[in-house]
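Listed in order, the protein sequences are those of chains A and B.
Residue 31 in numbering that gives the first Met the number 0 is what sits at position 32 of the first sequence, and the numbering runs on without skipping anything.
Residue 117 in numbering that gives the first Met the number 0 is what sits at position 118 of the second sequence, and the numbering runs on without skipping anything.
Hint data in this document are derived by calculation from the structure and do not stem from the laboratory.
Treat the hints with care, as some may be off.
[Unchecked claim] Just so you have them, the derived chain B footprint on chain A, three or more residues with Cβ under 8 Å: (1) 149-162; (2) 225-236; (3) 258-264.
By construction, the Cβ of each residue, glycine as well, lies at the ideal position given by its N, Cα and C atoms.
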Amino acid sequence: MSDTIQSGSATTMSLSGDLIPPRPAPAVLDRPLTGARVLGIGLIGLWLLLAIGLVSMVITGWDEEKFVRYGPRYLHGLWTTISLVGISVVLGAVIGLPLAFARMSKNRIIAAFAYAYVYIFRGTPLLAQLFLIYYGLGMFRPQLESVDLWWFFREAWYCGLFSMTINTAAYQAEILRGAIESIPKGQHEGAASLGLSKRVAFRKIILPQAMIVALRPYGNEIILLIKGSAVVSIVTVYDLMGETRYAFSRTFDYQTYLWAAIFYLAMVEALRHLWAYIERRLTRHLKR
Amino acid sequence: MGGSFSALDGVLTWIMTIFDPFCGPAGIFTWLGGGTLLACGDTGWGDELAAGVKVTVAVAICTLPIGLLIGFVVALGQQAEDRLLRIAAGIYTTIFRGMPELLTLFIIYYGAQILIQSVLAKLGYDERIEINAFVAGMIALSVVFSAYCSEVLLSAFRAIPKGQYEAGDSLGMRRWRTMLLIVVPQLVKIALPGLSNLWMILLKDTSYVSIIGLADILRQTGIAVRVTKEPFLFYTLACVLYLGLAMLSSIGLAYIERWASRSEAAR
Numbered sequence: 000m001s002d003t004i005q006s007g008s009a010t011t012m013s014l015s016g017d018l019i020p021p022r023p024a025p026a027v028l029d030r031p032l033t034g035a036r037v038l039g040i041g042l043i044g045l046w047l048l049l050a051i052g053l054v055s056m057v058i059t060g061w062d063e064e065k066f067v068r069y070g071p072r073y074l075h076g077l078w079t080t081i082s083l084v085g086i087s088v089v090l091g092a093v094i095g096l097p098l099a100f101a102r103m104s105k106n107r108i109i110a111a112f113a114y115a116y117v118y119i120f121r122g123t124p125l126l127a128q129l130f131l132i133y134y135g136l137g138m139f140r141p142q143l144e145s146v147d148l149w150w151f152f153r154e155a156w157y158c159g160l161f162s163m164t165i166n167t168a169a170y171q172a173e174i175l176r177g178a179i180e181s182i183p184k185g186q187h188e189g190a191a192s193l194g195l196s197k198r199v200a201f202r203k204i205i206l207p208q209a210m211i212v213a214l215r216p217y218g219n220e221i222i223l224l225i226k227g228s229a230v231v232s233i234v235t236v237y238d239l240m241g242e243t244r245y246a247f248s249r250t251f252d253y254q255t256y257l258w259a260a261i262f263y264l265a266m267v268e269a270l271r272h273l274w275a276y277i278e279r280r281l282t283r284h285l286k287r
Numbered sequence: 000m001g002g003s004f005s006a007l008d009g010v011l012t013w014i015m016t017i018f019d020p021f022c023g024p025a026g027i028f029t030w031l032g033g034g035t036l037l038a039c040g041d042t043g044w045g046d047e048l049a050a051g052v053k054v055t056v057a058v059a060i061c062t063l064p065i066g067l068l069i070g071f072v073v074a075l076g077q078q079a080e081d082r083l084l085r086i087a088a089g090i091y092t093t094i095f096r097g098m099p100e101l102l103t104l105f106i107i108y109y110g111a112q113i114l115i116q117s118v119l120a121k122l123g124y125d126e127r128i129e130i131n132a133f134v135a136g137m138i139a140l141s142v143v144f145s146a147y148c149s150e151v152l153l154s155a156f157r158a159i160p161k162g163q164y165e166a167g168d169s170l171g172m173r174r175w176r177t178m179l180l181i182v183v184p185q186l187v188k189i190a191l192p193g194l195s196n197l198w199m200i201l202l203k204d205t206s207y208v209s210i211i212g213l214a215d216i217l218r219q220t221g222i223a224v225r226v227t228k229e230p231f232l233f234y235t236l237a238c239v240l241y242l243g244l245a246m247l248s249s250i251g252l253a254y255i256e257r258w259a260s261r262s263e264a265a266r
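The shape of chain A in the complex, shown without the other chains:
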């Protein structure tokens, strides 16, 4: 193919008989020291300096006694955070799925109710919701005792879990709704034309595609929840942040916060990479 074109062009434009042979790429000259490069070096240097400062702070301020006293507490706090987030994500999904359907419902009243729920819980800060549940529901102690729910709302841990669950349910419902509605109508019609019932079509055709769309926002939501879970420390739950505040109030050692930062960053980064892996794995049939 290329031969014919070459010979053709050689005959019509007969100024030069043969093509210039391919040449090697020009040698890379020394890249000039541009402003961007200087800035880049400077900023990387700044980060390195900060990292060195952090490490040296840890080394010089190393205190065996503090480590022995607060190390296990940190691990316990880490476990509290992870379990809070894990449980609330699962429970949030359990509430969020019906909520997503309610949001898409043709029944005006149900749809309006779901919309109001989502709007309220996405429009107010988690901290305010937590206060409302932890302090606000404390007012209804006699009523709660009469229905035997007081043990639940008395514990800060349960209150934190509850507020995180209902908060994430609202977000998850929106993610699911968006994902389900993003599936083209033709998929529904295709399933119907194959004679599949609505239920089977949803389970076998719509949901698998919707889950792929929802995967990335879901990961973001879990990350947001990990970060948001720090607020439960304000109502005396000893999660990672709570233990950090405890350690700081005892030692006035700034390192306590840096350790918390390292733990949180490790958690979020691990989740992010795990999610990237899952996404690559699940969408490998879509790659071309």
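Place chain B on chain A using the hints.
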């Protein structure tokens, strides 16, 4: 001179009182809260809550330009040709998107305090320093905001074709002029939905400044609760106030979005 200023001041205060949405003549608390716990003045908590709303809005509005500016610079860094610059910007977004806002706030609040104190101790002053909670909150929130904002702007930058820059070059514009006159106007339009989302998140994140002692909505309601022992009422009210702010913002943002997309043909 001073007299005219104070007169102007008086007029301004008068206007502010007339149009005060909470405690003015047509304010919510004046109408609905009269005689209850929510009345304005010394008998109720209406004016305290109104002050809290003002602080919340002030923190959010002061954070926005700083966060946008830092976010823009970081986004430029993230798409720079220089690899080191990209890495440096990447580290910034990774750190501040990965840390809880509360922790960022504490790290900046206490970190700045310790830093200033140690510097002053070297210079011979030995006093306990309290840094301004408003400034600390503003810095922490703008750092978090900018980290997210840079991601939004980065994806918007990628949506602008290279030809736009080349067109600017071919017209003989300087780089910053191309950026200002050609790229940024399109960038705003593309990034606006993402940015308005971030504004809503920022509005909610301002609640964290109450923890370092700034008298925002949540702090003021907390004080009211401690005095009145009516937690349910006041925390519900706090949620309602936040919701109101969110609704107002969504109205305003819808208006801005219409304004930004007015160049598109009506369909």
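### Query
Looking at the structure, which of the earlier hints fail to hold?
1
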